[in-house]
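There are 2 protein chains.
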Amino acid sequence: MTDFNIATMAQKAKQASRVAAQLNSSEKNALLNDIATAIENNSDAIIKENSKDIAAGREKGLSQAMLDRLVLTDKGIKDMSSAIREIVALTDPVGDIDKLSLRPNGIQVGKMRIPLGVIAMIYEARPNVTAEAAALCIKSGNAVILRGGSEAIHSNLAIAHCLHQVLTTHNVDEHIVSVIPDTSRSVIEQLLQQSDTIDLVIPRGGEGLIRYVSENSRIPVIQHYKGVCHLYIDKYADLDKAINILVNGKTQKPSACNAFETVLVHSDISERFLPLAAKALNDAAQVKVHACQNSVGFFPNAELATEEDYQAEYLAQEIAVKVVSSFDTAISHINQFTSDHTEVIISQDISRSQKFIRQINSSVVMVNASSRFSDGNQLGLGSEIGISTSKLHAYGPMGLEALTTEKFVVFGDGQVRL
Amino acid sequence: MTDFNIATMAQKAKQASRVAAQLNSSEKNALLNDIATAIENNSDAIIKENSKDIAAGREKGLSQAMLDRLVLTDKGIKDMSSAIREIVALTDPVGDIDKLSLRPNGIQVGKMRIPLGVIAMIYEARPNVTAEAAALCIKSGNAVILRGGSEAIHSNLAIAHCLHQVLTTHNVDEHIVSVIPDTSRSVIEQLLQQSDTIDLVIPRGGEGLIRYVSENSRIPVIQHYKGVCHLYIDKYADLDKAINILVNGKTQKPSACNAFETVLVHSDISERFLPLAAKALNDAAQVKVHACQNSVGFFPNAELATEEDYQAEYLAQEIAVKVVSSFDTAISHINQFTSDHTEVIISQDISRSQKFIRQINSSVVMVNASSRFSDGNQLGLGSEIGISTSKLHAYGPMGLEALTTEKFVVFGDGQVRL
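So the protein sequences, as listed, match chains A and B. The numbering of the first sequence is the working numbering, which starts it at 1 and goes up by one. The numbering of the second sequence is the working numbering, which starts it at 1001 and goes up by one.
Hints should not be assumed to be uniformly reliable.
Said to hold, decoys possible - Here are a few chain A residues that face chain B, going by a calculated C-beta distance under 8 Å:
1. Lys12
2. Gln22
3. Gln252
4. Gln359
5. Val364
6. Ala369
7. Gln378
8. Gly396
9. Val410
Claimed, not checked - Here are the simulated lysine-lysine pairs, DSSO-like style, with alpha carbons at most 27 Å apart:
10. Lys226(A) with Lys288(A)
11. Lys407(A) with Lys1075(B)
12. Lys1099(B) with Lys111(A)
13. Lys226(A) with Lys1355(B)
14. Lys253(A) with Lys1407(B)
15. Lys111(A) with Lys1355(B)
What the hints assert, rightly or not - Where chain A lies over chain B, by a calculated footprint (3+ residues, C-beta under 8 Å):
16. 1079–1087
17. 1390–1404
If you're looking for bench data, these hints aren't it; they were derived computationally from the structure. Just so we're clear, the structure is a prediction, and the values are computed from it rather than from any experiment. Backbone N, C-alpha and C define an ideal beta-carbon position, used for all residues, glycine too.
Chain A on its own, in the form it takes in the complex:
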């Protein structure tokens, strides 16, 4: 790709972002509906390009798990289209004016929601991110630059082809969506320098990728390293709820970042709770347990937990257990080991529940509910573009609103400052 220049691509994206920002919701929805249809209509071509990625992946010796994430079937294509049509159904936040107030001198001051401008997505494997991220950015009035992994390059370009076809048919600047054709690592380095044209970088992938992007970017980055989610079983817990939520949060999808990794149990209730937990975790998924000295006896085959266990994101049917002598000890443990993702208290006591909500400042804090609800869709945002575990700009699952910001708007009638 001798002609390829990332700075030029970013400049074109910036120009296109002005066009994207001015599209109204009907125009954006028309684009998205046609993109969903184009992806379905080009199903064969996309699958053919995808098979090249699969073949190359096999040759490179990618793991079966990686290949599974990479492969696109007819059903995969249909899911992609459905995901885009779900974005059509979401409310467009752009242009909303909030908090319009009258100042003493008669000027009206409000805040209007506007797109961020140009978003760069850097991601691995799954080619469906190409379609869904583009759709979310279009719906929120942004331009987007997509840099998928080299292992999915043929699939990504085939999907991008559908997107560009539709943009061109609608006479809309096709640079609203750009897919970087260069799969070298150095292109990421260059991309991360374009702070004059790109407004936000969202990396999605392993901790290594996110750390690399954060450390090398001149552009603001949404960070999401890992999810070490805690479940605290208070002395006033309803044990049925506690067991159901423990089993659901740990075993339903252990590879998800919103799965529990550690359960803390108040010592006053541990002798009643732990035998039930041992049985339930074993029955549900033969969960491997790393337990503290005060709890290890309750779990057949448990290992004694180390400091590393309380830092671990197992992403597997595996959990760390610790008995805590008080509510405050539980809070301290969570504050020490939190990844700022999701923490849950099980308690029937309203004071302690409120205290937990106030004292834990992770991005999602729950009372008597499964951590598996910590997800844009479940929390009511619709599709999510990522999860932020750093507090700037967005915190927690990010939907359309997180792809926008607010400017001040002032309506006067000739007022000047005295």
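Got chain A; can you put chain B on it based on the hints?
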């Protein structure tokens, strides 16, 4: 300062930030009232330390303007206390829960406002920033690390002494406020690496400082390079309003970042507007004019404007003038030269006013009002901690709310994900 270690200071600030986050509004207001009183009571001591800075500044050959900003008088001390008491009167945003909605499965989902954690302020000259920034951070439940300029070090430490006295008397962790005693540049470099403990950096000062901080920080930075504010006189402008706003926005305080630097005039109205503008600008402050070929004839002594003039932040009684042939040309000019600070349209036409508001995405966009209102206090935020001209996290003048973020809170009754 052989013992001084920035990483240790930042860790202590992070621990203290947990204390700050849990203080309720009454506790925080009691602290702030006592701080205001302590500063007044220690007026003599602060002024004595300030005189050391003034003496050192004179010796170093600081400009009179710099010395003026540095000097603290009895009145300056009173103003500082008043500013802190005004912050007491502001509404505390921490703990507010917004948008609490019921999901189909019965879980309640809302967003709770929480402090960011640890804020680092890097600033120059004015010692009153030490007191005001600390007060804003305390009120919003954050810990703060202050790094003022070396020229104000004695004043800053004397003010910090009052703050620490009050924190200690109230039995509150004094590390909520830290003043860096080391005035070397290398300490800023180290400070900007503490991304595990510091959540946000706010630089306040010249473009050089802000650029240095942005380029060297691992921590998110609020950027505010300059204010090249545009005034667009539409063909449907009310000329009285246009002239009043031009004169106010340009001449009232030209050293402010919200002063006008360029006025764009629709060609249909230029022959009526320009002679009035020439007279008004000259009468008000003998404003120096850099005008385009189509307008230069209207201004006695005007120079022909160059490309640089349209990029300039004069910060003086000086302005660039350009006649534009259409509304769209005005929009293009602004989009090309904007610093994303403040832009104003003067028009009686509602469609064109609305279009301006929609098409210009600067942080503050106004219709028929002076750019001088682009200020936290004038816009109703109370005191401002800074202005952001980048879209992430905050955009425009930043008050207490910009020092907070929102976490998700979920109230369930045993729900699990199906």
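Consistency of the hints with the structure:
For Lys12(A), the interface hint is violated, the least distance from its beta-carbon to any beta-carbon of chain B being 15 Å, above 8 Å. With a cut of 8 Å, the hint placing Gln22(A) at the interface with chain B holds, because the nearest CB-to-CB distance is about 7 Å. Satisfaction of the interface hint for Gln252(A) is found here, the shortest Cβ-Cβ separation to chain B being roughly 6 Å, below the 8 Å cut-off. Because the closest C-beta pair between Gln359(A) and chain B is about 7 Å apart, less than 8 Å, the hint holds.
With a least beta-carbon distance of about 4 Å to chain B, the hint placing Val364(A) at the interface is held under the 8 Å criterion. The beta carbon of Ala369(A) is positioned within 8 Å of a beta carbon in chain B (closest approach about 3 Å), and the interface hint is therefore held. Given hint, Gln378(A) at the interface with chain B, holds; its Cβ is 7 Å from that chain's nearest Cβ, closer than 8 Å. Checking Gly396(A) against chain B by beta carbon gives a least distance of about 5 Å; that is within 8 Å, so the hint holds.
Because the beta carbon of Val410(A) sits about 4 Å from the nearest beta carbon in chain B, less than 8 Å, this interface hint is met. Simply put, Lys226(A) and Lys288(A) have alpha-carbon atoms about 20 Å apart, close enough for the 27 Å limit, and the pair holds. Annotation: proposed proximity of Lys407(A) to Lys1075(B) is violated, straight-line Cα distance about 36 Å (limit 27 Å). Between the alpha carbons of Lys1099(B) and Lys111(A) the distance comes to roughly 17 Å, so the proposed pair stays at or under 27 Å and holds.
With a CA separation close to 43 Å, the supplied pair Lys226(A) and Lys1355(B) exceeds the 27 Å bound. As the CA atoms of Lys253(A) and Lys1407(B) are separated by approximately 23 Å, the hinted pair is consistent with the 27 Å bound. With a CA separation close to 16 Å, the supplied pair Lys111(A) and Lys1355(B) stays within the 27 Å bound. Note: the region 1079–1087 of chain B has 0 residues with beta-carbon separation from chain A under 8 Å; the three-residue rule is not met and the coverage is violated.
Chain A is given as covering the region 1390–1404 of chain B, and this holds because 7 residues of the stretch bring a CB closer than 8 Å to a CB of that chain, at least three being needed.
Comparing the model with each numbered hint stated earlier shows that hints 1, 11, 13, 16 do not hold.
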